[in-house]
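Given chain A, work out where chain B should sit, using these hints.
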Amino acid sequence: MVQLSILFGLIVIGYVFGRIAENNHYKSITQREEVYLRLPCTTNKLPLQTERKILRSEMVRGDVVISVDYFKRIVAGLRALVGGNVTTYETLVDRARREAILRMKERARGADEIVNLRIETSSVFKGQQGQVGSVEVIAYGTAVFYRAVLD
Amino acid sequence: MILTNIETVPGKSIVECYGVVSGSTVRAKHAGRDIMAGLKNLVGGELVGYTELLSESRDEAIERTQQQARSMGANAIVNVRFSTSSVAAGASEIYVYGTAVTVE
Numbered sequence: 024m025v026q027l028s029i030l031f032g033l034i035v036i037g038y039v040f041g042r043i044a045e046n047n048h049y050k051s052i053t054q055r056e057e058v059y060l061r062l063p064c065t066t067n068k069l070p071l072q073t074e075r076k077i078l079r080s081e082m083v084r085g086d087v088v089i090s091v092d093y094f095k096r097i098v099a100g101l102r103a104l105v106g107g108n109v110t111t112y113e114t115l116v117d118r119a120r121r122e123a124i125l126r127m128k129e130r131a132r133g134a135d136e137i138v139n140l141r142i143e144t145s146s147v148f149k150g151q152q153g154q155v156g157s158v159e160v161i162a163y164g165t166a167v168f169y170r171a172v173l174d
Numbered sequence: 453m454i455l456t457n458i459e460t461v462p463g464k465s466i467v468e469c470y471g472v473v474s475g476s477t478v479r480a481k482h483a484g485r486d487i488m489a490g491l492k493n494l495v496g497g498e499l500v501g502y503t504e505l506l507s508e509s510r511d512e513a514i515e516r517t518q519q520q521a522r523s524m525g526a527n528a529i530v531n532v533r534f535s536t537s538s539v540a541a542g543a544s545e546i547y548v549y550g551t552a553v554t555v556e
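Protein chains in written order, with the working numbering: chain A, 24 to 174; chain B, 453 to 556.
For reference, chain A alone in the conformation it holds in the complex (with noise of 0.2 Å):
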């Protein structure tokens, strides 16, 4: 009875933190991802201003770890017996992408573009029997600074 109780217990807070770490990360995400709107970041090798002169070029990289909560995992555990769309951990992988090109952008600052772009994803640890605890996702590409257009 004890030992049901802090199973309860724990999934319950799990339920109520990591809604709230996601929605907050969402939140964040979306409004980080307006402010770089303006920095195109494509999968092509070539840049898209083929007429225009560059200035340099850098290799800029954003890394996350992000763990999925107790409840989602209890939910993905039962949703392998009948299997389908396991929602809970889509919408963690989704973050984690969205995240990890967010602090790649954040880091090629004051470029014009970033081109390559590649995501790898990987599990950092499994949690138990063998599940997906955390993923961590890092995406890089070659930040393209043009020279300025007067010249």
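It is worth saying that the hints were derived from the structure and are not from the lab.
Ideal placement from N, C-alpha and C gives every residue a C-beta, glycine not left out.
Check before you lean on any hint, since a few could be wrong.
What the hints assert, rightly or not - For each label pair, taking beta carbons as the anchor points, the in silico distance ranges come out as:
1) A:Thr114 - B:Glu459: 45 to 51 Å
2) B:Met453 - A:Tyr49: 21 to 27 Å
3) B:Thr554 - A:Glu113: 30 to 36 Å
4) A:Arg102 - B:Gly525: 23 to 29 Å
5) B:Tyr470 - A:Asn47: 30 to 36 Å
6) A:Arg55 - B:Ser523: 38 to 44 Å
7) B:Gly525 - A:Glu113: 19 to 25 Å
As the list claims (entries may be wrong) - Reference excerpt, derived from the structure (chain A facing chain B, CB under 7 Å, subset only):
8) Asn67
9) Ile77
10) Ala99
11) Tyr112
12) Thr165
Chain B in isolation, oriented as in the chain A frame:
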């Protein structure tokens, strides 16, 4: 040292190519961080300790790659790739590789 992850350095031309350079680090997190991560694993959210750890080890791997390139006499590394693998539970290997070149 210029690093890019495309085949060329935009706006510059490659004059000499030296071949592949690489650097790797294997890092384990310390127990304190592990406990914090365990707690964070309950409520979800970013594991700042791990993010820092992996970021630092990636910087270290890049630094080693650059040293190798410098010793060859290169001034740029093109087509840089990252790769991560977990060697053992609690330790991960970060591997960085690219092609050392001279540009002008």
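| Violations among the numbered hints, reported as their numbers in ascending order | 1, 2, 3, 4, 5, 7, 8, 10 and 11
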